[in-house]
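Undergrad: Going down the list, the protein sequences come from chains D and A. The first sequence begins at 1 in our numbering and counts up one residue at a time. The second sequence begins at 1 in our numbering and counts up one residue at a time.
Everything labelled a hint here was simulated from the structure, so no lab data went into it. C-beta: ideal position from N, C-alpha, C; glycine also. Hints may be right or wrong, so weigh each one.
[Stated by the list, open to error] Per label pair, the in silico range of CB-to-CB distance:
hint	chain 1	residue 1	chain 2	residue 2	range
1	A	70	D	119	54 to 62 angstroms
2	A	196	D	104	53 to 61 angstroms
3	D	104	A	319	55 to 63 angstroms
4	D	23	A	173	34 to 42 angstroms
5	A	276	D	123	55 to 63 angstroms
6	D	64	A	291	48 to 56 angstroms
7	D	217	A	322	47 to 55 angstroms
8	D	429	A	108	54 to 62 angstroms
9	A	285	D	123	53 to 61 angstroms
10	D	89	A	198	16 to 24 angstroms
11	D	64	A	198	41 to 49 angstroms
12	D	64	A	70	32 to 40 angstroms
13	D	123	A	108	39 to 47 angstroms
14	A	173	D	209	49 to 57 angstroms
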Amino acid sequence: MEREESSSKNTNRYPISKKTILFGIVPFIVIGAMLILLLSSPGILFQSPIEPLPQISIEKVEFSDQYIVAFVRNTGPSEITIAQADVNDRIHPAAIEPEQTLSKFSAAKVIIPFIWNSGEPYNIGITTDDGTRFEKTIDSAAQVPRPTIEQASSFALIGTYVGVIPVMMGLVWYPFIRRLSISKYNFFLSLTAGLLVFLGIDALLESNEIAMDNLAPVFNSQILIIIITIVSFLALQYVSQKLVQRASKSKSDIGYNSEITSRSTPNLELKDVDSSSGTSLQQQLLIRPLAISMMISIGIGLHNFGEGLAIGAAVLLGEIALSSFLILGFMLHNTTEGLAIVAPMAKARRIPIRKLIVMGLIAGVPTILGTWIGGFLYSPVATVIFLSIGAGAIFQVVYSIGSWMHHTNGSKGLLSNLSIITGFALGMLLMYLTGLLI
Amino acid sequence: MAHSRFVVIFSVMISVIILGLSLVLYSRASVTEQNSSKIDTVGGHTPGYPILQTTGDVLDPTSLNINPETAVVDPSKYLREFNYGTVTNSSNGTKIREFTLIASDTQTKEVSPGVLYNVWTFNGTIPGPTIRATEGDTIRITLINNGSKFHSIHFHGIHPSEMDGVFEGIAPGGKFTYEFTAEPFGVFPYHCHMQPLEEHITHGLYGALIIDPKKPRASADEMIMIMNGYDTDFDTENNFYTVNGIPYYYMHHPIQIDKNRLIRIYLLNMLEFDPLNNFHLHANMFDFYKTGTKLIPDEYTDIVTMNQAERGILEFSYKYPGKYMFHAHKTEFAEKGWTGLFLVNDETSPVSIQNSNLTAATTNATDQIPYNTSNLSNVTSISPAGGLK
């Protein structure tokens, strides 16, 4: 609001003259003219001796009854015609829909009648009119999941096992964490930060891997991942600030738990008060944990959505066979996420169970949605985008925890505190070790 | 307050999910929009495989005909086309056979339906024209280099060093006449011998030279078959394997032959990159004359395996009418184009025999290869099909 007002003042102070308008328009005219010139006669500036190489990417391969379907996209510089398809480098008759000539960035579906064997690897090749063969290897062929009630409930069950139950179990540690001394509490908070940093890095690496394997270089997906992560971080930071501000304005809404505060405040030397919200120290102590926990639930929810997409897609792509061992691994891995949610609230007033459950659901249920979308409508672009959003969300949460701990620890510097450092390191190590089970 | 907070959070999450769904659906939608004006079918060649109906395009080199205007060769024509050159008699009575070959390396032609490749050719086709003479004839071949690189012709067989086409390359725009006596009788490859040899051969600069024995072989329905491949993406592995230049051509254009008629195939392997190639005949056995340099068969078999530049003569006849496959029994090659069919006709067609070659007319279907009805006299010269511009 303030910024808008000041900008309107500025415009009043400096009225836009015709000259200014001219200066504003000239670049558009020049650039536009150049664009038209170059597009209408591409050879006018220079004649390249080398024709740009064609490029297609096989984004997805599906195995259904007696058919293999490859989804191809023209990611090259110009129009391209698909000439033939092969399976394991052996030519097979196929159909291509809508048509074999693909304009730039357009997609087509290559349908190959083929009796394939479940669980075997397949290499699908697409040859363009210049004789270049593009290929994609599927490690283990598996029937594409059909969006039936059975399949949907099976995915829902997987999502519940992998996402909802572990997070809920993590929440059960809430009463235990409440009774910790401040240094142990610091340890658990930094442990949480460690867990989250691991998840964030994991999401970035995984989205990078998917982008490298499935998306054409023309999408510049690595830059895209970083941009989305940063934007997601900033957006969620903004949302969390708003949440804190709003919560602190309605003081009456927040109960005052004197017992907890009196027990914890003697250990704290809080000098600096968040000036933007203008609330007192004690209110800060109460409001922020809840907001941080909520942000953690959202962040983990986004992360689990991405994880669900990856699981659904992996089942679809035949990259994993979902064994009970694998699900166990995910469960152990994700239990720590519940811990991350409750840790910041440990020193706040008692949180109603209802609220805890809501947070658990926000964090866990997206896994189910993710498995559905990933399994039934797999799109590597969407998966990369959601994993990046999740990464940004997680880093925002880490930032919140960090600034919260900075407040509660006062001038002492976070990195000179041994329990914080060991907690952080252990958090990452714990995730790494449970991640080995997957 | 807490209530409104959850509303905010949930709306954020739901909008994120909707965004994702719409993204996914968009990428699907861009695939599913189709024109439903035509319906084609795919598959059904293989027993047990489904027949797919599609509104899109068909990608099927096993059944699609190649456009003869842009194809690198017409295998129907090539199969029984033997070129005897322009014949004159020298003072001592030997026949002089004169041929003209034009080398070219700048054209792009279709080597499989829809696949274009920069072909290097003698007279515009891969394989190059089949040159035929009788033992003792004088062969004169003028090479005109219409390409952008040095080229030559190296013939297998017996000839002087300066006619070997190895140390003397013909410059672009240049011309040279190779002259040697046709000896011994047999089947020989010819190919460009400029460096890099692999590049010049794999791009298509090769063909066959047949030298008949003075006493002609028994009358037969004769064919030339050159096994080759194309590495269209330059990774030193062949993407296509063929006999006579176009993958799967004789699958949709079966070679028509007569029951009990002697068939003679002059078979050469010019395949680059792969060390071996072979020929397997279904439901039959053949006499094999290795290199064609003897009149007594070396083997009675149904498969012959060859290295690059190895060749021989196959003789057989079919006892029963019907469709019979022939293909490389290196199944990879078979499934990348080196497969064809013989269609054995029941009734013997009216045959007029001329110089051990057949002219006949049996056309059951338009897409089947009839006997070459063109005049196969001794004076057919090779016309430069791949043009001088």
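Undergrad: Determine for every hint whether it applies to the structure shown.
TA: Quick rundown of the hints versus the structure:
no. : hint                              : verdict
1   : A:70 x D:119: 54 to 62 angstroms  : violated, 43 angstroms
2   : A:196 x D:104: 53 to 61 angstroms : violated, 35 angstroms
3   : D:104 x A:319: 55 to 63 angstroms : holds, 58 angstroms
4   : D:23 x A:173: 34 to 42 angstroms  : violated, 60 angstroms
5   : A:276 x D:123: 55 to 63 angstroms : violated, 23 angstroms
6   : D:64 x A:291: 48 to 56 angstroms  : holds, 51 angstroms
7   : D:217 x A:322: 47 to 55 angstroms : holds, 52 angstroms
8   : D:429 x A:108: 54 to 62 angstroms : holds, 60 angstroms
9   : A:285 x D:123: 53 to 61 angstroms : violated, 37 angstroms
10  : D:89 x A:198: 16 to 24 angstroms  : holds, 21 angstroms
11  : D:64 x A:198: 41 to 49 angstroms  : holds, 42 angstroms
12  : D:64 x A:70: 32 to 40 angstroms   : holds, 35 angstroms
13  : D:123 x A:108: 39 to 47 angstroms : violated, 28 angstroms
14  : A:173 x D:209: 49 to 57 angstroms : holds, 54 angstroms
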